[in-house]
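Asks: Here's the letter readout for the chains.
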Amino acid sequence: MTGLLAGLDGGKLLRHVLGAVLITFLMTSLIVGLELVATQTGLSLRPRYHIVLYCVVVVALGSAAVFALVERSWRLPMLVGVVLAALLLVPLLTGNLDSDLAFLLPFPVAPLNWLALFLPAFILMRAGQLAYASARPPAAAARRRELSRTGKLISMGLGLLLILAAFAFPVSPWGSRQLVDILTIVLIYIMLGWGLNIVVGLAGLLDLGYVAFYAVGAYSYALLSEYFGWSFWVCLPLAGLFAASFGIVLGFPVLRLRGDYLAIVTLGFGEIIRVVLINWYEFTGGPDGIGGIPRPSFFGLPFQANAPKGGGETFASFFGLSFDPYHRIAFLYYVILVLALFTNWFTIRIRKLPIGRAWEALREDEIACRALGLNPTNVKLAAFGIGAMFAGFAGSFFAARQGFISPESFVFIESAVILSIVVLGGLGSQLGIVFSAAILIGLPEFFRELEDYRMLAFGLVMVLIMIWKPTGLVSHRDPTIRLHPRGDGR
Amino acid sequence: MTPLLTVEHLTMRFGGLVAVDDVSFTAEQSQITSIIGPNGAGKTTMFNCLTGFYQPTTGQLTLAGERGDFLLERLDGHRIVRDAGVARTFQNIRLFTGMSVLENLMVAQHTEQMRASGWSMKGLLGLPSYRRAEEEAVHLARSWLDRINLTDKADWPAGALAYGDQRRLEIARAMCTKPVLLCLDEPAAGLNHTESHELNDLLRWIKEIHGIGILLIEHDMSVVMGISDKIVVLDYGKKIAEGTPAEIRDDPRVIKAYLGEPEEEDLPDIVAADLDLDPGAR
Chain A
1 MTGLLAGLDG GKLLRHVLGA VLITFLMTSL IVGLELVATQ TGLSLRPRYH
51 IVLYCVVVVA LGSAAVFALV ERSWRLPMLV GVVLAALLLV PLLTGNLDSD
101 LAFLLPFPVA PLNWLALFLP AFILMRAGQL AYASARPPAA AARRRELSRT
151 GKLISMGLGL LLILAAFAFP VSPWGSRQLV DILTIVLIYI MLGWGLNIVV
201 GLAGLLDLGY VAFYAVGAYS YALLSEYFGW SFWVCLPLAG LFAASFGIVL
251 GFPVLRLRGD YLAIVTLGFG EIIRVVLINW YEFTGGPDGI GGIPRPSFFG
301 LPFQANAPKG GGETFASFFG LSFDPYHRIA FLYYVILVLA LFTNWFTIRI
351 RKLPIGRAWE ALREDEIACR ALGLNPTNVK LAAFGIGAMF AGFAGSFFAA
401 RQGFISPESF VFIESAVILS IVVLGGLGSQ LGIVFSAAIL IGLPEFFREL
451 EDYRMLAFGL VMVLIMIWKP TGLVSHRDPT IRLHPRGDGR
Chain B
1 MTPLLTVEHL TMRFGGLVAV DDVSFTAEQS QITSIIGPNG AGKTTMFNCL
51 TGFYQPTTGQ LTLAGERGDF LLERLDGHRI VRDAGVARTF QNIRLFTGMS
101 VLENLMVAQH TEQMRASGWS MKGLLGLPSY RRAEEEAVHL ARSWLDRINL
151 TDKADWPAGA LAYGDQRRLE IARAMCTKPV LLCLDEPAAG LNHTESHELN
201 DLLRWIKEIH GIGILLIEHD MSVVMGISDK IVVLDYGKKI AEGTPAEIRD
251 DPRVIKAYLG EPEEEDLPDI VAADLDLDPG AR
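From first to last, the protein sequence lines stand for chains A and B.
With the numbering used here applied, the first sequence has no gaps in its numbers, which climb one by one up to 490 at the end.
With the numbering used here applied, the second sequence has no gaps in its numbers, which climb one by one up to 282 at the end.
Just so you know, the hints here were simulated from the structure itself, not pulled from any lab data.
Worth double-checking, as some hints may not be accurate.
[Said to hold, decoys possible] Calculated lysine to aspartate or glutamate pairs in the DMTMM-like style (CA-CA distance at most 25 Å, straight line):
1. A:Lys352 - B:Glu135
2. A:Lys352 - A:Asp478
3. B:Lys178 - A:Glu364
4. B:Lys178 - A:Glu366
5. A:Lys352 - B:Asp155
6. B:Lys207 - B:Asp165
7. B:Lys256 - B:Glu208
8. A:Lys352 - B:Asp152
9. B:Lys178 - A:Asp365
10. B:Lys122 - B:Glu134
11. A:Lys352 - B:Glu136
12. B:Lys178 - B:Glu66
13. B:Lys122 - B:Glu136
14. A:Lys352 - A:Glu366
15. A:Lys352 - B:Asp201
16. B:Lys238 - B:Asp251
17. A:Lys352 - B:Asp69
18. B:Lys178 - B:Glu136
19. B:Lys230 - B:Asp76
20. B:Lys178 - B:Asp76
21. B:Lys238 - B:Glu8
22. B:Lys238 - B:Asp250
23. B:Lys256 - B:Glu242
24. B:Lys207 - B:Asp22
25. B:Lys178 - B:Glu135
26. B:Lys230 - B:Glu242
27. B:Lys230 - B:Glu66
28. B:Lys238 - B:Asp22
29. B:Lys122 - B:Glu112
30. B:Lys230 - B:Glu208
31. B:Lys122 - A:Asp478
32. B:Lys178 - B:Asp69
33. A:Lys352 - B:Glu112
Whole structure, please, built from the sequences with the hints as guidance.
Replies: This is the structure:
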């Protein structure tokens with residue numbers, strides 16, 4: 001035991017773990033510790049003590065591991081990883097835990113289930129340990145260089161692994177209708193977050209009306225398909241184009257404002273678009289919305305049970321499969337995954353171009369930008385337009401996925417949620433947005449059965465993250481260009 | 001030969017306050033022209049008029065550089081830098097503190113880089129023509145970093161640099177816009193003797209090697225007297241004297257502006273001694 005805790009401050013560790021336990025207790029009591037059940041007298045809340053206890057134990061162990069990682073000890077995290085996995089595994093295998101978590105272990109044989117838990121736990125712990133080692137290099141320069149390189153390789157490997165896992169997910173044993181559906185929604189918000197990140201995170205323009213461009217994209221596709229019968233794949237770029245033009249048109253008068261004033265005016269514009277959508281009944285269908293929006297097809301093959309009226313094949317008949325609605329859900333998932341990855345690629349790339357540097361410079365100091373010959377209006381307009389374009393793409397996908405849109409979907413709270421995703425993730429950080437979208441969108445979807453309580457939990461999570469990580473989950477900034485290679489000791 | 005910069009009857013009024021009152025002077029290429037004067041004399045206001053941050057009330061500002069003739073008072077702020085080639089630094093340093101030292105110098109080359117990246121299209125596709133242009137920009141930045149001894153710290157956040165380094169970086173950044181006229185607003189403020197000495201060398205080097213005109217606002221007399229080719233003295237918005245450092249040092253109006261009326265006969269000598277900070281004597 002003493003060897004395990006070597007070099008660790010016991011009292012500090014205890015305080016750290018106790019704090020985490022307390023917060024976990026408060027949070028889980030609200031989120032998962034209560035179950036809504038229908039009794040004869042009506043709905044009532046039933047406490048689920050065992051789940052709360054379980055979460056507290058898991059978090060206590062996890063926080064001890066993180067503490068040990070930060071303090072540069074590695075034996076404890078390794079052990080904790082294994083214990084955590086066992087903790088998850090044993091009750092699940094013996095069937096003692098709520099069956100809600102059973103989806104974690106979909107394999108028919110026990111050894112595969114064991115692997116499915118231990119392997120990721122081990123990889124995560126090892127990656128965490130190495131990442132910390134490279135983030136806080138020891139004194140020896142040679143060792144530092146080596147570690148930084150491994151650290152970079154690991155983060156790249158993790159990213160690749162994440163992308164591969166995302167692609168493999170629907171066809172893996174975990175892929176259920178509900179999960180893939182939730183992930184599709186999460187991916188829409190990740191894409192919106194990445195789009196807004198260009199405007200808020202990079203260019204530093206506080207945009208509270210981002211959902212307006214999302215609405216423009218959604219209505220572009222809905223209306224074009226309704227009036228002209230154009231397909232999703234034709235309308236997708238058009239929707240982006242329309243949204244970008246809206247961004248630029250709205251941007252012109254607005255962008256001479258700064259900070260709070262800009263936020264208020266963008267908020268107003270967001271509402272104006274929604275109000276126009278509600279009141280222009282003849283064109284947009286007003287509050288009735290637009291229904292029957294066609295789903296995207298797979299190279300012209302629709303996802304339907306029966307062949308379309310004019311003859312031709314469906315996706316299932318073409319590939320000789322029996323019709324399954326899961327095909328369509330998985331396909332939609334892949335579409336948004338590719339769209340989101342494109343957004344990510346675009347953002348990472350444009351950040352390293354002159355315009356990306358100009359955005360970050362503008363965020364830092366507009367006056368200095370002017371003194372260097374940058375035209376602030378153009379730079380801002382580019383950010384606004386490109387950010388809006390991605391909202392337009394996401395919007396048209398949203399319309400295609402839902403099949404029905406109305407102004408109800410584009411209220412202010414949506415803008416607020418997207419903005420919180422960006423801020424919680426850490427302004428300007430791509431990976432942080434993935435995490436925060438998963439937390440802010442994924443968790444409430446998971447705990448839908450808790451109804452209004454989840455909004456309470458949502459608020460609590462936001463407050464806690466802001467206390468723990470005031471600059472966002474991932475707030476590290478890498479320069480867009482380096483003179484000396486990374487880990488050169490400079 | 002026409003001077004690089006001709007300021008004619010420049011007046012800047014804020015309501016009832018006349019910050020700059022009918023000032024005329026010229027600045028030559030390959031020369032350092034200093035503007036001095038007590039606090040509140042209108043020096044920075046004049047700079048802001050020159051660099052487009054203020055619209056002058058009246059007056060004409062003509063720049064006749066390599067890039068052609070420009071009437072500065074008619075150009076937008078960013079075009080004064082981009083088209084006419086007037087770069088400036090600020091009294092309170094304005095670096096992009098969160099960005100790296102190298103990035104600061106890259107942003108300064110935005111206009112050219114933007115064109116080279118095909119308004120980001122070529123850059124997104126990663127075409128070789130853009131990559132070459134980027135390498136050239138890094139090369140220019142690197143040569144400046146070598147000159148100001150910041151090569152090792154190129155990847156540091158600019159905000160993490162020492163004060164003196166930040167001052168020099170801001171000058172290098174302004175120079176990366178490839179200006180014909182460089183306006184420096186109190187570059188020696190907050191520097192110690194060694195650092196301001198280095199600054200003198202840097203400014204002289206820029207003047208000689210790059211052959212551009214430098215306009216300098218400065219309180220530090222060791223800098224002003226040491227490197228100026230010409231000095232313009234402002235007081236209460238009016239130009240009270242103009243000439244070489246030697247002429248200015250002995251000008252009674254200047255002495256009066258800085259220290260008030262002499263009451264005794266021997267005072268001017270003390271004042272002259274105070275102003276006489278010959279860098280060679282240090």
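Asks: Each hint: holds or not?
Replies: A quick look at each hint next to the structure:
no., hint, in the structure
1, A:Lys352 - B:Glu135, "holds (13 Å)"
2, A:Lys352 - A:Asp478, "holds (11 Å)"
3, B:Lys178 - A:Glu364, "holds (22 Å)"
4, B:Lys178 - A:Glu366, "holds (20 Å)"
5, A:Lys352 - B:Asp155, "holds (14 Å)"
6, B:Lys207 - B:Asp165, "holds (20 Å)"
7, B:Lys256 - B:Glu208, "violated (34 Å)"
8, A:Lys352 - B:Asp152, "holds (21 Å)"
9, B:Lys178 - A:Asp365, "holds (21 Å)"
10, B:Lys122 - B:Glu134, "holds (12 Å)"
11, A:Lys352 - B:Glu136, "holds (16 Å)"
12, B:Lys178 - B:Glu66, "holds (11 Å)"
13, B:Lys122 - B:Glu136, "holds (16 Å)"
14, A:Lys352 - A:Glu366, "holds (19 Å)"
15, A:Lys352 - B:Asp201, "violated (34 Å)"
16, B:Lys238 - B:Asp251, "holds (16 Å)"
17, A:Lys352 - B:Asp69, "violated (35 Å)"
18, B:Lys178 - B:Glu136, "holds (14 Å)"
19, B:Lys230 - B:Asp76, "violated (29 Å)"
20, B:Lys178 - B:Asp76, "holds (18 Å)"
21, B:Lys238 - B:Glu8, "holds (13 Å)"
22, B:Lys238 - B:Asp250, "holds (19 Å)"
23, B:Lys256 - B:Glu242, "holds (15 Å)"
24, B:Lys207 - B:Asp22, "violated (28 Å)"
25, B:Lys178 - B:Glu135, "holds (17 Å)"
26, B:Lys230 - B:Glu242, "holds (7 Å)"
27, B:Lys230 - B:Glu66, "holds (22 Å)"
28, B:Lys238 - B:Asp22, "holds (7 Å)"
29, B:Lys122 - B:Glu112, "holds (13 Å)"
30, B:Lys230 - B:Glu208, "holds (16 Å)"
31, B:Lys122 - A:Asp478, "holds (23 Å)"
32, B:Lys178 - B:Asp69, "holds (16 Å)"
33, A:Lys352 - B:Glu112, "holds (15 Å)"
Violation of the numbered hints given earlier is confined to hints 7, 15, 17, 19 and 24; the remaining hints are satisfied by the structure.
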